[in-house]
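This is what each chain is made of:
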Amino acid sequence: MSIIEDRLRDALDGVGSSVAPLELRPLGETRRRLRFDVRYVAGAAAVLGMVVGAGVFMVRSPTPVEAGGRAFGVDVTVFLCTRGSADHACDGRSATPTQLEAIQHYLTLQPEVRSIVFEGQTQAFANLQGSEEGEQLAKVLGPADMTESFRLTLRAGVSSRALRDQVGGMPGVSRIVDHRCDPGAIPAEQCG
Amino acid sequence: MEAELLLSRAEPVDVASIFALHQLGLVRLALMMVGDRATAEDVVQEAFARTHAGRARLRDPASALAYVRSAVLNQCRSVLRRRAVAFRRPVPHDPPVWSAEHAALIGEERREVLLALRGLPRRQREALVLRYYFELSDQEIAETMGISGSTVRSTITRGLAALGKALGEQS
Numbered sequence: 000m001s002i003i004e005d006r007l008r009d010a011l012d013g014v015g016s017s018v019a020p021l022e023l024r025p026l027g028e029t030r031r032r033l034r035f036d037v038r039y040v041a042g043a044a045a046v047l048g049m050v051v052g053a054g055v056f057m058v059r060s061p062t063p064v065e066a067g068g069r070a071f072g073v074d075v076t077v078f079l080c081t082r083g084s085a086d087h088a089c090d091g092r093s094a095t096p097t098q099l100e101a102i103q104h105y106l107t108l109q110p111e112v113r114s115i116v117f118e119g120q121t122q123a124f125a126n127l128q129g130s131e132e133g134e135q136l137a138k139v140l141g142p143a144d145m146t147e148s149f150r151l152t153l154r155a156g157v158s159s160r161a162l163r164d165q166v167g168g169m170p171g172v173s174r175i176v177d178h179r180c181d182p183g184a185i186p187a188e189q190c191g
Numbered sequence: 000m001e002a003e004l005l006l007s008r009a010e011p012v013d014v015a016s017i018f019a020l021h022q023l024g025l026v027r028l029a030l031m032m033v034g035d036r037a038t039a040e041d042v043v044q045e046a047f048a049r050t051h052a053g054r055a056r057l058r059d060p061a062s063a064l065a066y067v068r069s070a071v072l073n074q075c076r077s078v079l080r081r082r083a084v085a086f087r088r089p090v091p092h093d094p095p096v097w098s099a100e101h102a103a104l105i106g107e108e109r110r111e112v113l114l115a116l117r118g119l120p121r122r123q124r125e126a127l128v129l130r131y132y133f134e135l136s137d138q139e140i141a142e143t144m145g146i147s148g149s150t151v152r153s154t155i156t157r158g159l160a161a162l163g164k165a166l167g168e169q170s
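Protein chains in written order, with numbering that gives the first Met the number 0: chain A, 0 to 191; chain B, 0 to 170.
Fair warning: there could be bad hints in the mix.
Coverage of chain B stretches by chain A, computed from C-beta distances (three or more under 8 Å per stretch; other residues unrestricted) [as the list claims (entries may be wrong)]:
| id | stretch |
| --- | --- |
| 1 | 21 to 27 |
| 2 | 97 to 106 |
| 3 | 126 to 133 |
| 4 | 154 to 166 |
Think of the hints as simulated: they come from the structure by calculation, not from any bench. None of the values given here were measured: they were computed from a predicted structure. All C-beta atoms, glycine included, are put in the ideal place defined by N, C-alpha and C.
Isolated chain B (complex conformation):
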């Protein structure tokens, strides 16, 4: 009871500082999900606005970054859903980093991997990016994605296997 009272009196987490400090990482995370820079920046701006509006609910500084990453991933999912129904209501966006337009900049080998990654189920794609770019632990990925640690491990294992298959290599 006392702990609850203490918790309820805790100061709200400084959302603006977390976003400012981690903006680069958050934009890169969004870019890996949605593919183009302008949309990625919009995603982070939107996630910032939403998280900031609901900051009173965020009282645990230890889990704040996971919460913020989670907000960015949620926003990316919304963008991808909107694009999926683009034939009904077009959502204009720049060519993604895995498109042929970026082949010269990103390199053909990297592009091949990104295309294979894009072909994976959403959960596997997110887990692989959080592990292999952000070097997050199972627990951190679990907190960000809202799944258990054992699910993270199995998702990554399956994701790597699927990626290897798509690329015609042994993982």
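Only chain A is shown next, with the shape it has when bound in the complex:
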């Protein structure tokens, strides 16, 4: 592969990962136009306050570059293939949009999964910059070094074994980590 091909793939990956699944407007829904009305402005201000509050909270939660720390409320993280990954399953390539959609589709059908949040490279880098442990790391890394992931919360008391077996083998998945299995995590018995 030539340098140009490699750079092109990397740049297009960067653009692609800026659009996360699960955030797209449902098909058939038109874009809403803003209307400046005092009632709307007051309502928007209240919502904005809550969103900013939640955003600050999320940014402060520790996020791994590839694997590791447990973000608040996240039980399982499905790390996706990133270009240059040493993982054999990835073959050095990023997860394609089709693979990503298949993984997302599978996850949404699993009864043990309570919520799914997609974290793109840009968001992952922003989280790294905002965390105490990642602050120094963020000075030598860029968004391109980050790994995309699906962050899952599971229903209380369920094991992730079946999920890890199934999703771990899907094309485009680099690895799947149950943070409840981290050393010292409670309850650890559900990770078996």
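Based on these hints, arrange chain B on the given structure of chain A.
This is chain B only, laid out in the frame that chain A set:
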């Protein structure tokens, strides 16, 4: 004749399911062409509405995805044409991903490549995106763009060479 009759009786392709299943990829494709997320989503919505309205003409499930991608690319071309005459009738849109506003998010090196890509002729740009992001084969790109397989190969070769030149590197 019998084959024609069978074909004419075939069920229409489920356009809504194809769009729903591939919406992410289609929005990303549109984003790489038009540059901003909101317009990219609008492009896919519009392509969906148009394809859905004409779904009776779409009877081959094997080529449905290529048809849908093609519809999205057509819609992107319309958007870019409208922007090209913006001095007459302004079409407001967010700063594109290759603009300076996105430098911190996307990275300067990537932005440099995207700017060079944007400078290529439309056909080369589309072929390169379909090959190097969507990893499509020559045949799939040919079906999506409505050109021959050999034209796809030569377009990609010329596109890479032009990109290398623009970036001052050997391809």
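Evaluated hints:
Counting residues of the stretch 21 to 27 of chain B whose CB lies closer than 8 Å to any CB of chain A gives 6, which reaches the minimum of 3, so the coverage claim holds. Coverage of a stretch by a chain is defined here by at least three residues with a beta carbon nearer than 8 Å to that chain's beta carbons; for the stretch 97 to 106 of chain B and chain A the count is 3, and the condition holds. Note: the stretch 126 to 133 of chain B has 5 residues with beta-carbon separation from chain A under 8 Å; the three-residue rule is met and the coverage holds. Note: the stretch 154 to 166 of chain B has 4 residues with beta-carbon separation from chain A under 8 Å; the three-residue rule is met and the coverage holds.
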